[in-house]
Amino acid sequence: MSVHDVANAKKRKQRATGFSEQRTGRAFLAPTVIILLALTILPFLLTIILSFSRVTFEGGGIQLHFAGLANWSRLFADERLWNAFSNTLILVVFGVSVQFLIGLGLALLVNGKIKGQGFFKVLFLLPMLLAPISVGYMGRMMFDYGRSPINDFLNRVGLEPIGWLISGDVALLTILLTDTWQWTPVMFLILLVGLQAIPKEYVEAASIDGATGWQLFRHITLPLLASAVLVAILFRTVEAFKVVDIIVIMTGGGPGLGTESMTLFAYIAGLRIFDIAYGAAISLTLFIPVLLGIGVFLAVARRYRASTSG
Amino acid sequence: MAKVVLHEVTKKFGDVTAVDRLDLKVEDEEFIVLVGPSGCGKTTTLRMVAGLEEVTQGEIYIGERPVIDIPPKDRDIAMVFQNYALYPHMSVYDNIAFGLRMRKVPNREIDKRVRQVAELLGIADKLKRKPKALSGGECQRVAVGRAIARHPEVFLFDEPLSSLDAKLRVVMRAELQALHQELKTTTIYVTHDQAEAMTLGNRVAVMRDGVMQQYDNPQTVYNNPVTMFVAGFMGSPAMNFFPVRLTGEEGRLYVVNSGFKLKVPQDKTGKLEGYLGREVVFGLRPENLKTPEMAHDHNPEATLEARVRARAPLGDELLIHAETGGVELVARLTPQTEVAIGQRIALVAEMEFMHIFDKDTEEAVC
Chain E
1078 MSVHDVANAK KRKQRATGFS EQRTGRAFLA PTVIILLALT ILPFLLTIIL
1128 SFSRVTFEGG GIQLHFAGLA NWSRLFADER LWNAFSNTLI LVVFGVSVQF
1178 LIGLGLALLV NGKIKGQGFF KVLFLLPMLL APISVGYMGR MMFDYGRSPI
1228 NDFLNRVGLE PIGWLISGDV ALLTILLTDT WQWTPVMFLI LLVGLQAIPK
1278 EYVEAASIDG ATGWQLFRHI TLPLLASAVL VAILFRTVEA FKVVDIIVIM
1328 TGGGPGLGTE SMTLFAYIAG LRIFDIAYGA AISLTLFIPV LLGIGVFLAV
1378 ARRYRASTSG
Chain F
-14 MAKVVLHEVT KKFGDVTAVD RLDLKVEDEE FIVLVGPSGC GKTTTLRMVA
36 GLEEVTQGEI YIGERPVIDI PPKDRDIAMV FQNYALYPHM SVYDNIAFGL
86 RMRKVPNREI DKRVRQVAEL LGIADKLKRK PKALSGGECQ RVAVGRAIAR
136 HPEVFLFDEP LSSLDAKLRV VMRAELQALH QELKTTTIYV THDQAEAMTL
186 GNRVAVMRDG VMQQYDNPQT VYNNPVTMFV AGFMGSPAMN FFPVRLTGEE
236 GRLYVVNSGF KLKVPQDKTG KLEGYLGREV VFGLRPENLK TPEMAHDHNP
286 EATLEARVRA RAPLGDELLI HAETGGVELV ARLTPQTEVA IGQRIALVAE
336 MEFMHIFDKD TEEAVC
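Chain order of the listed sequences is E and F. Quick note: to get this note's numbering, add 1077 to the position in the first sequence (first position is 1). Number 58 in this note's numbering belongs to position 73 of the second sequence; there are no gaps in the numbering.
FYI, nobody ran anything at the bench for these hints, they're computed from the structure. Treat the hints with care, since some could be wrong.
[Claimed, not checked] Using C-beta positions, here's what the derived DEER-type ranges look like:
1) E:Ala1376 <-> F:Pro91: 57 to 67 Å
2) E:Ile1371 <-> F:Glu49: 33 to 43 Å
3) E:Ala1303 <-> F:Gly107: 28 to 38 Å
4) F:Pro91 <-> E:Tyr1381: 20 to 30 Å
5) F:Asp96 <-> E:Gly1372: 35 to 45 Å
Note that the structure is a prediction, hence the values are computed from the model and not measured. All C-beta atoms, glycine included, are put in the ideal place defined by N, C-alpha and C.
Throw the hints in and build the complete structure from the sequences for me.
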């Protein structure tokens, strides 16, 4: 056998094992792919079809009739959509920003030389561990107009009680506060893990190089934390777009439609009023801005990372 | 430039004393090496000088200034870390410039200094690269460049060559030496590699368990180790130690064990009189054991017999591991020496290079 033959035989063998490895790999992936198709992709396609249909229930069954753009043209003329959309957007933009800033602040504090780190970690993570329903009930009790500790406190210090859940100007802010209380821990957790993964030599080298406080954070910590920031914001943004549970419990979308989110609107239209096709169209309108938003965010993040890392 | 003085410096981590009342004086423009095995406190000492570790007790002076309450950035030091700690998100240029920018040096001056340093270290064509795209040796140069661009009073090196391969290590060692010749910046260099310590240091401080054992120029540390630990640590292969009894006959002294009886040279007997009849440790370096042909000497009072157990031909020399009187020894012989495993050979001990250590205190007697 010449050297050439040996090399060829080697290649053949690699190709052969590579092939069988690929097949085994696919076999292992198959169940997941099938379940995903059945539970995610198919319903998603069905939703798209639904949004272009008129639904009738005759003889106990469900019939779809092609309705063209009827649902869509009705939807875009519906003021309730724009109300729900702007409420959701406010909750996403302000909620995620505030949660990010507080989460980052807490993570930086806990990551520093602080005594009782373990205690603070658990304390800060607690809200995340509660079911949103419980958080909703807590929010409802804390922010009740007549009997809540918060208004009682305001009363005692001589301030007017606030209609946290019943005033149209404030209710959305109250939802934002409660959402922030529950979900800041997620930011905190992801950012803390990110901070702890930064080798301390970088910070030490920079502190010898003369960087202090803000400079250290701006030039060393933040760029090295970029991946964690990306994950945290993405994760929370996607979740925040879908906000519904605490709203249902705390205000039911009210007062009026003051706190109705997109998901709640879709739920009410589709499953309360039982206009399934309309509900499908609403939920798709939520999907498109989320996708767009994430796309833009990822593109910006990628550019930032390309400019800061090699 | 500045001198560095550590006065009775102690560092405790909880109950563990990492550094114990260390006194160290580094003269202006001097290059000293802290050497010792892992956990001896050498890196902790360096980090205390840098200000990265608090001092439990004692005082550190850089120049005339006590510095233990001064933050790292104001100590006018630069440090090269074991894993380089190059900022991964910055280019080579920005890595070197970072310290200058933080100190608000004007941009034109920064540019000039970065290019100067890059030229000096041979990395001028790499300035735009990120650390990820550099080889180990290049990373090393950037780390050094970052330190020297700031023109600090003192350089601190924490095992900077330990992650390079053996060949590159030798090259970088020579470069660091040349760099010090040129810049003359006071340098404290930490390593666990005794060969690095010997070649680089004007003086070498050998540490063990947080305590300084000996601080002197490399040749003195090698030739006159003050403790068994220093004797065993400096030099490779390590010094041979034999438990022996010191006996006297007709005014002559001998070191005796079950395998040999060797005469102590006359000039050494003075210091040993107090140990007559006692058990001591006799030390001799591998290069001071020779075949009679090599030594041109057949003096039976300086010859021992040993049985060869293993041989390691290294090309330019032949190391043999042999056994005499139940003790293992290593001898460094010329590569031409013909010995087989299992063979008994005669070895001449160059007794003028012998060491005697107190068995209990492990301190050198002579």
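Going down the list of hints, with the structure as the test:
Judged by the Cβ atoms, the range 57 to 67 Å given for E:Ala1376 and F:Pro91 is violated: they are separated by roughly 36 Å. Range check, E:Ile1371 to F:Glu49: Cβ separation about 60 Å, and the 33 to 43 Å hint is violated. Checking the proposed 28 to 38 Å range against E:Ala1303 and F:Gly107 shows it holds: the Cβ atoms sit about 32 Å from each other. For F:Pro91 paired with E:Tyr1381, a C-beta distance near 28 Å keeps the hint of 20 to 30 Å intact.
Separated by about 39 Å at the C-beta atoms, F:Asp96 and E:Gly1372 satisfy the suggested range of 35 to 45 Å.
Comparing the model with each earlier hint shows violations of hints 1 and 2; every other hint is respected.
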